[in-house]
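**Student:** Listed in order, the protein sequences are those of chains A and B. This note's numbering applies: residue 116 is where the first sequence begins, and numbers increase by one. This note's numbering applies: residue 3 is where the second sequence begins, and numbers increase by one.
Since the hints were derived computationally from the structure, they do not count as laboratory data. These figures come from a predicted structure and were not determined experimentally. One should not assume that every hint holds.
As the list claims (entries may be wrong) - To be clear about the criterion: a stretch of chain B counts as covered by chain A if any three or more of its residues have a C-beta under 8 Å from a C-beta of chain A, and this derived list gives those stretches:
id, stretch
1, 103-109
2, 132-144
To be verified - Among chain A residues calculated to face chain B with C-beta under 8 Å, some are:
id, residue
3, Met210
4, His238
5, Leu239
6, Ile241
7, Val382
8, Arg434
9, Lys454
10, Ile457
11, Pro465
12, Glu486
13, His489
14, Ser494
15, Leu499
Claimed, not checked - Straight-line distance between alpha carbons at most 30 Å, and here's what the computed DSSO-like set of lysine-lysine pairs gives:
id, chain 1, residue 1, chain 2, residue 2
16, A, Lys188, A, Lys214
17, A, Lys134, B, Lys10
18, A, Lys527, A, Lys379
19, A, Lys487, B, Lys132
20, A, Lys498, A, Lys440
21, A, Lys264, A, Lys605
22, A, Lys451, B, Lys241
23, A, Lys451, B, Lys230
24, A, Lys487, B, Lys10
25, B, Lys230, A, Lys487
26, A, Lys440, B, Lys230
27, B, Lys50, A, Lys331
28, A, Lys440, B, Lys308
29, A, Lys374, A, Lys605
30, B, Lys308, A, Lys490
31, B, Lys211, A, Lys454
32, B, Lys242, A, Lys451
33, A, Lys254, A, Lys124
34, B, Lys242, A, Lys454
35, A, Lys527, B, Lys10
36, A, Lys498, B, Lys160
37, A, Lys514, A, Lys375
38, A, Lys392, B, Lys211
39, A, Lys129, A, Lys350
40, A, Lys264, A, Lys134
Even glycine gets a Cβ: it sits at the ideal position worked out from N, Cα and C.
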Amino acid sequence: MNNIDFSTKVIEMKGITKKFGDFVANDNIDLTVHKGEIHALLGENGAGKTTLMNVLYGLYLPTEGEIFINSEKVQITNPNIAIEKGIGMVHQHFMLVDKFTVVENIILGKETTVKKGNWNTGHLDIKRATKEVEELSRKYGLYVDPNAKIEDITVGMQQRVEILKALYRGADILILDEPTAVLTPQEIEELIQIMKSLTGQGKTIIIITHKLREIKQAADYCTIIRRGKKIDTVKVSDVSEKDLAEKMVGRQVNFVVDKKDIEKGEVVLNIDNIVIKDNRDLNAVDGLSLELHKGEILGIAGVDGNGQSELIEGLTGLRPVESGKIILNGEDITNKTPKYIIERGISTIPEDRQRRGLVMDFSMAENFILEKYHKEPFSHGNKLNHDEIRKHAKELIDKFDVRPRNEDQLAKALSGGNQQKVIIAREVTNDPDVLIAAQPTRGLDVGAIEFVHKSLVEQRDRGKAVLLISFELDEIMNLSDRIAVIFDGKIVAILDANKADEKTLGYLMAGGGVDDERKQA
Amino acid sequence: MMKENRLKFTIIAILIGLVIGAIILLAVGYNPLEAYGIMIAGVFGSPKYISWTIIKSTPLILTGISVAFAFKTGLFNIGAEGQFIIGALVATLAGYFLHLPPVLHAIVALLLACLAAALWGGFAGFLKSKFGVNEVITTIMLNWIAFYLSNFLVYWDKFKRPNSEASQKILSSASIAFPKEFGSSLGSFFNAPVNFGFIIAILVAFLIKYVLNDTTLGYELRAVGFNKDAAEYGGINVKKNTITAMMIAGAISGLAGAVHVLGVTNEISILSAMEGNGFDGMAVSLIGGNSPIGCIFAGLLFGALKYGGYKIQPIMGAPSEIINIVIGIIVFFIAMPKMIEGLTTIRSRRKRGGEVERSK
């Protein structure tokens, strides 16, 4: 906070309106950011935060409005101009070349070459570039190995490379789009430190996020955008997380998940020492064992890429299990067909709802029967019964409050939250013994998250077993009765949720416990 | 609304095709109005011309449905040509070698042709689901195998008609032509080899529409076609459906070959090049919006353009290849709905652009 130079407005966006056809993504938004400030842009998915930043970065032309950088009016018609004006953007999905080293990535597009007088030899001067990168990383506390290949370093390190890339191009203003989405709790902590060190040295940072806690921890000011309109700009130290959430969604939000105290029942799913290969033929799940009881939510905490996807696909019959056994209600269901497994009582809210969960070009009604189209009353013999399919759809749309209330609407025309509602409605009506929920709230806004969480707890309260796989540690901690930590294809620890704290989990998720064991051994 | 748009775009694409065709005619020194006049007269000028147009369209409608059906299930059936050849070959063999009573003989020949072509197409589906070989590659290869297999068999001395470059003619019991007695009352309409093919094609269009929309099989096939990952996750057997889809697509193209033989040519010739009935089916499917019913109209349009178009050469000396250019341009624009959208909304976009200008 003490870094802020209130006399210098580095960014001033005035009356920014951006229309896509009839859709107004940004409606007359004002944004002022001072030098040395960490400014958060908060809003639900689709609220227009990324659009606004894309306007600032020159990816979109505003329909109306003016932009001032350091009080000078500018026309940012493409990103090159933005870079020239000292703006750097780190996108949610990193844009790095895996096979290149850190230095090679950083200088990409602005390569340092050997010059002889005025003559550019075109010969890459990697030595000098490496030195420059090392200086930069020392200056801002962004430590990376400049000679490591991108594919060999962690996601957190890759993010540092992205930030260095922007700094290398002389950025004074950094835009970070959802920077914490892929990080472990420790890495988030480090990122916040880095941001503070950057602002300490005169840089200005805008972070786009919907995570309230990080705003509280890191940001000085926060601008809240709802449905394309600016709602407010607040000083973060003056407001609570709850206030921020209410401004974001426009109504009261219930953070605490209501859960009845119930005794967990007998084991319904027993996963015994299974091995599952990934697409590269490596053991992604490597001797994993787990017991799931009736009436519990078992959360699997872990950083992306530790075998979660392969585990889900193995459990649902989409990927072969190399060895080990999966026992459901006493029956061995290892390597059975997806259809068989669904009928035995495992339903799944898949990780990627657009790829696995829905047929986007099918109507809602057609999507609702994806696993039961061949059953009465939806079909008789080979003939589909459109009346029953429609009736079923109407019931589910009512019960789960899917919008719009039109069963003929194609799935691709629904918002993310409503797509997820369609999937949950379908899976829950299967009345499964085991519900696997993989990343069930990814990309959803606060309101939809509340709904999803309520649905999962409802299943548990009815005595069903829920296996929750999520990269959001908060979600795991809020919902689970027990938490299993997955690392490198194995469950490395199982903790009672009320005894687990974020620090321990983060440590285990990063493979900490495993290293200890190795040291002891 | 999307359907309306598609129809609008299709009509615009056809008009653009005709306009550009007219420009080319003008450029090479012919009066386009006269040329198009000849085409229209060539199609509608006499009942006989109309029946010829329908006859020419029939195989195109069927191969179009075959391609459209495969497309709805997520497959590119480039093999309609080969499946057509197999259907024609087997129908001729059955029509010549089998001895059965009329009607039954025709039905048996049609079914055998469908079955053979179904296996031909299904083989590509099998290779895809078993070994992951792309159906585009296999069907193209199978086209050539069908082509040479057909020529090889026509040279077989028991099958080849002496002193000709063609096979023996099918027995009259296998013919699906309308009985001659029909003709006298309706004038020259029946001066062409009118046959049941067109009726079969329309029935097939409606049957395929029914299968796709109203049966569990169709649901599975469409689910796989739109998103095989979701279909797999929902418990649908993707591999089995790939084979089934290619078999059905093959059967429809085979049927096209069979009705062409049993209704029109009564024989198959030694082919020096592929005739293009299957390849034209791809264009028909595209113009018909990949819908079986749309293929009826697209097939008729295609047949009319081709049949009418070939008349401009003998009458006014204008190259009939112009018509192929017109067809090519139509397909070109239909394949680019975004471009037509761009052309039709260019004015409103300019307006919007103007606002941006002002804001600067």
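**Student:** Hint by hint, say whether it matches the structure.
**Tutor:** Going through the hints against the structure:
1. 103-109: The restraint on the stretch 103-109 of chain B is violated, since only 0 of its residues have a Cβ under 8 Å from chain A and three are required.
2. 132-144: Since three or more residues must qualify, the claim that chain A covers the stretch 132-144 of chain B is violated, with 0 doing so at under 8 Å.
3. Met210: 26 Å, violated
4. His238: With Cβ-Cβ at 42 Å, over 8 Å, it is violated.
5. Leu239: Hint violated; Leu239/A Cβ to chain B Cβ min 39 Å, cut 8 Å.
6. Ile241: Violated. Min distance 41 Å.
7. Val382: Status violated, d = 25 Å.
8. Arg434: Violated: closest Cβ of chain B sits about 10 Å from Arg434/A, beyond 8 Å.
9. Lys454: 3 Å, holds
10. Ile457: 5 Å, holds
11. Pro465: This interface hint holds because 6 Å falls under the 8 Å limit.
12. Glu486: With a closest approach of 5 Å, the Glu486/A hint holds.
13. His489: Check passed: Cβ of His489/A comes within 5 Å of chain B, closer than 8 Å.
14. Ser494: Holds: closest Cβ of chain B sits about 5 Å from Ser494/A, inside 8 Å.
15. Leu499: 5 Å, holds
16. Lys188/A with Lys214/A: Violated, at roughly 40 Å.
17. Lys134/A with Lys10/B: 26 Å, holds
18. Lys527/A with Lys379/A: 39 Å, violated
19. Lys487/A with Lys132/B: 26 Å, holds
20. Lys498/A with Lys440/A: Given that 30 Å is the threshold and the Cα spacing comes to 38 Å, the pair is violated.
21. Lys264/A with Lys605/A: OK: Lys264/A and Lys605/A at ~26 Å, within 30 Å.
22. Lys451/A with Lys241/B: 16 Å, holds
23. Lys451/A with Lys230/B: 19 Å, holds
24. Lys487/A with Lys10/B: Not OK: Lys487/A and Lys10/B at ~37 Å, beyond 30 Å, violated.
25. Lys230/B with Lys487/A: 16 Å, holds
26. Lys440/A with Lys230/B: Roughly 27 Å separates the two Cα atoms, so the pair holds.
27. Lys50/B with Lys331/A: Violated: Lys50/B and Lys331/A sit about 83 Å apart, past 30 Å.
28. Lys440/A with Lys308/B: 63 Å, violated
29. Lys374/A with Lys605/A: 29 Å, holds
30. Lys308/B with Lys490/A: 48 Å, violated
31. Lys211/B with Lys454/A: 27 Å, holds
32. Lys242/B with Lys451/A: 16 Å, holds
33. Lys254/A with Lys124/A: 24 Å, holds
34. Lys242/B with Lys454/A: 14 Å, holds
35. Lys527/A with Lys10/B: 23 Å, holds
36. Lys498/A with Lys160/B: 46 Å, violated
37. Lys514/A with Lys375/A: 22 Å, holds
38. Lys392/A with Lys211/B: Roughly 41 Å separates the two Cα atoms, so the pair is violated.
39. Lys129/A with Lys350/A: 20 Å, holds
40. Lys264/A with Lys134/A: Between Lys264/A and Lys134/A the Cα gap is close to 41 Å, so the pair fails against 30 Å, i.e. violated.
Going through the hint list in order, the structure does not satisfy hints 1, 2, 3, 4, 5, 6, 7, 8, 16, 18, 20, 24, 27, 28, 30, 36, 38 and 40.
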